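Trainee: These protein sequence lines are chains A and B, in that order.
All residue numbers for the first sequence refer to my numbering, where the first residue is 1 and numbers rise by one.
All residue numbers for the second sequence refer to my numbering, where the first residue is 1 and numbers rise by one.
Take the hints with a grain of salt, since some may be wrong.
Selected chain B positions facing chain A (Cβ under 7 Å, derived; list incomplete) [stated by the list, open to error]:
id, residue
1, 37
2, 39
3, 373
Here are some, though not all, of the chain A residues that point toward chain B, as calculated from beta-carbon distances under 10 Å [said to hold, decoys possible]:
id, residue
4, 20
5, 28
6, 44
7, 48
8, 51
9, 204
10, 206
11, 225
Over 12 Å on every C-beta distance to chain A, these chain B residues come out as not near it, computed from the model [unchecked claim]:
id, residue
12, 6
13, 13
14, 18
15, 19
16, 27
17, 30
18, 68
19, 103
20, 198
21, 205
22, 239
23, 256
24, 281
25, 368
26, 497
FYI, nobody ran anything at the bench for these hints, they're computed from the structure.
Everything numeric in this text was worked out from a predicted model, so none of it was measured.
C-beta: ideal position from N, C-alpha, C; glycine also.
Number of protein chains: 2
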Amino acid sequence: MTTVDDTWSELTARMRGFADLSNVNALLGWDQETYMPLRGSDARARQMATMRVIRHEMLVNPRLGELLDRAGDEPLDRPRQEMVRLLRRDRDRAVKLPPEFVRRLALAEGRGAVAWRVAREEGDFALYEPALEEIIAAKRDEADLVGLDGERYDALLDQFEPGMRVARLEPLLALLRAELSELLAAIVAAPQLEQAPFEQRLFPDAQQWDLTMRLLGDLGFDLTAGRQDRSAHPFTQTMALGDIRVTTRIDERHPLSGIYSTVHEAGHGLYEQGFEPRFEDTPLAAAPSLGLHESQSRLWENIVGRSRPFWDHYAPVMREIFPDVAADITAEQLYVACNRVQPSLIRVEADEVTYNLHILIRFELELALMRDQLEVAELPGAWGDAYERTLGLRPENDVLGVMQDIHWSHGSFGYFPTYTLGNLYSALLWDAYCKDDPAAEDHIGAGEFQHVLGWMREHVHKAGAIDQGEDLIRRVTGSGLDHAPFMQYLWAKYRTLYNLA
Amino acid sequence: MTTVDDTWSELTARMRGFADLSNVNALLGWDQETYMPLRGSDARARQMATMRVIRHEMLVNPRLGELLDRAGDEPLDRPRQEMVRLLRRDRDRAVKLPPEFVRRLALAEGRGAVAWRVAREEGDFALYEPALEEIIAAKRDEADLVGLDGERYDALLDQFEPGMRVARLEPLLALLRAELSELLAAIVAAPQLEQAPFEQRLFPDAQQWDLTMRLLGDLGFDLTAGRQDRSAHPFTQTMALGDIRVTTRIDERHPLSGIYSTVHEAGHGLYEQGFEPRFEDTPLAAAPSLGLHESQSRLWENIVGRSRPFWDHYAPVMREIFPDVAADITAEQLYVACNRVQPSLIRVEADEVTYNLHILIRFELELALMRDQLEVAELPGAWGDAYERTLGLRPENDVLGVMQDIHWSHGSFGYFPTYTLGNLYSALLWDAYCKDDPAAEDHIGAGEFQHVLGWMREHVHKAGAIDQGEDLIRRVTGSGLDHAPFMQYLWAKYRTLYNLA
């Protein structure tokens, strides 16, 4: 006779297997972007596809279904209930996808990433188009196979923001777009902020690196349980709870770029380092959604990192670390430099006001693609139109336009909106934290980040994926997803900076 | 009806899967020794165990057996015949090992590596003993389960040196031991070689690194299809034919250490870079045996790298790269410094004469362990006795003794003898090359390594694993495994260096 214990011990072993595969994949991805020679690319894409197929086989294995059914029939404590829920969610999705489809999708994405790179180098969308066609066809098929009850895009969105639906998201983002446009119009009409002398100077790479390492430590990132490396596009990957890695990129002409890359990724890394150790190797050692994950990176990068108190603390550090180029630098200059608003073509360089407009453009195009209202060949034109309409700019070429992000070539459709959700969540969480800690800004001004980190640990990180994303927000902040706190935060900041009415 | 093409295309897909797993494992191992934070160790050990279990499941899958049977019934060209042979060999071994055993072994080895590290730090063999017991028990069981026709050790040896048997190896190594001891006695009786002033100086790390990178390029290692990093114990790993990585270690007090680490690993890396591209993702993109692989690293490190012409070329380079500490350095001084013979306790620091005596000690102990003539508790004593008998030295503690090598904690029994086989093969191959290229030494003196590399590519590398190890040697050199050419090489070198009779 099998007992609950037998069932659970077998499920535990299987959860460990999934954790191992996920951590191995994290290493494959980390290495691809940090140390792998370019000539390893094709093999790496196939290795990752093979790992994905192996994971799929483990998920659809009938024995896993039996174990989940059996476990579901037993009285379980809350964490185990949620483990079963999360495993079942992944399995239910996987059984709808035939193995040949999984391989087709993985290979299409592998080819997509290579085509994207080549097409960017050549500046020619036509070289990317067939691969992107293939990916989008596969994503449409995937959504149809998964077949959630709403519209097609829901099945893609649900992978990154479980439970979120277009019916809810689209009107919310329409409101946000209107209000962001209004704020942007007010800022554009105001006199532009001055440039400080330091913005024309070169900041040596080695000292910038030292500063980013110091920042990681200051913010509370445990460097004995992780590391920082360099990559063209910064990211965070988890190989184990004791091995969480962030990357940054350093540009001698733009010292703020490395600083904010590091602070952003530190936000992700601190989240991952904050999961309950007893949840390690279970589906609970994860954020409930990408939006929640992004709430942490954006909270640290923007609300903490682009605040005036942050620079009150770090302006003297800058003067000390860069005596040759920053001896005269002030907190106010740094605060202005990191908050200047300027409609531009490139998402990853955008300020806090225009950033989400970039996202909304991508959301609109993705939705049209999944509603069969837009075809790949029409994408560059539609991209240009959307930028002109939203930000008053049209890219001169597709490298500055539709080919700027790698996401679609990875098959990540339904991913972009989580960046905006992250901003909305971050404002909600920050407000809740400030209610509990009226001295929040003073702590930041004193370089004491353990207060905000402690609060996030307690209210957000430890819980892992026990709640769905919005349930966590509701539990912690008392209110559900809402764009108002984020808009209030932006208005408060920019009203003062730009002397708005 | 399935055709040969169907069979072969399915087999090809499965071979790709094995290649992917092997390359992924290579990355896990590479990262473990280069960049992984220590606190990732336990998770990494389990990830590697999980990958090993997945590989085992893929090997024992009955469908693979069917495909191999079907392919074996068809007329195949030579490469395909050998692919079937190699896959069948791996599968035949795997089906003898139950999955629970594979996991037990993998976990024992994972624990072993951790226990070894801790015990070394504490300098206490007792902390290592239980884990080593467990590993040795598992290796005995493994050998019994595999059950080759000879004695137990054969089943372990065969994994690293396919086809080699104790009945052949033991008498060969006994002869070698006697002749090495004779040479060593002659050298020890001769006046010791002088130390040069540079041997007391510090060689800056950064320039040493530059020198090792230059060496890699000089020897012909393609740095666009690989890279070099640092690790405590240098090694080579293959993530793809276009992504082959070596490591080195640099010690400011011992400039020769980094140089020879790099040259040794370059030998492995050049071999891997030299496989026929059409063999990629098949079992043919491999050396026939570890002994053959080691023949290449040792040929470059010792026969090429510790030769007088090598230093004729590199002494001026040293003077140029290290103007502060090596302005007065001569080729003769470098040649002497890298060839000084000195019985010592540590294998990896040994000279060419004593090196194989260290190996023979390990072989003798492994054999006794597998013949149930020695138990783990008796190992430290047996180790000390063997060192005293062979090299006239007894280690003061187990860190300098039985715990100096990581191999046993990885479960690598039957591995050490391949180092010695590598030396024997290297001398055979070098002689054959010199017959084809009488200007061999001149080329090295001119820093022109493309001749020896070209010859090895043509005769050794390209063939991959088409032949068994000794078959390749016989095909290329006209004679089988033999210790005489190696001893002649040593006598020729040391007779002159030490003015022996």
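Trainee: Would you assess whether residue 13(B), listed as outside the interface, keeps its beta-carbon beyond 12 Å of every beta-carbon in chain A?
Mentor: violated (9 Å)
Trainee: May I ask you to test the interface hint for residue 39(B) with respect to chain A, counting a Cβ-Cβ separation under 7 Å as satisfied?
Mentor: holds (3 Å)
Trainee: Can we trust that residue 30(B) is non-interface, i.e. its beta-carbon lies farther than 12 Å from all of chain A?
Mentor: violated (8 Å)
Trainee: Looking at residue 27(B) again, its CB stays over 12 Å from all of chain A?
Mentor: violated (6 Å)
Trainee: Would the non-interface assignment of residue 6(B) survive a Cβ cutoff of 12 Å against chain A?
Mentor: holds (15 Å)
Trainee: Please verify that the nearest CB of chain A lies beyond 12 Å from residue 68(B)'s CB.
Mentor: Label holds. Min Cβ-Cβ 20 Å, cutoff 12 Å.
Trainee: For residue 103(B), is the shortest CB-to-CB distance to chain A above 12 Å, so the non-interface label stands?
Mentor: violated (9 Å)
Trainee: Restraint: residue 28(A) near chain B, CB-CB cut 10 Å. Satisfied or not?
Mentor: Holds - the Cβ of residue 28(A) comes within 10 Å of chain B, reaching about 7 Å at its closest.
Trainee: Can we keep the residue 373(B) interface hint, with Cβ of chain A closer than 7 Å?
Mentor: violated (38 Å)
Trainee: Is the hint on residue 44(A) kept, meaning its closest Cβ partner in chain B is under 10 Å away?
Mentor: holds (7 Å)
Trainee: Take a quick look at residue 368(B) and tell me if its Cβ sits farther than 12 Å from every Cβ on chain A, holds or violated.
Mentor: Answer for residue 368(B): holds, closest chain A Cβ roughly 36 Å.
Trainee: Determine whether the non-interface label on residue 205(B) survives the test: each CB of chain A must be over 12 Å from its CB.
Mentor: holds (15 Å)
Hints 3, 9, 10, 13, 14, 15, 16, 17, 19, 22, 24 from the earlier list are contradicted by this structure; the remaining hints agree with it.
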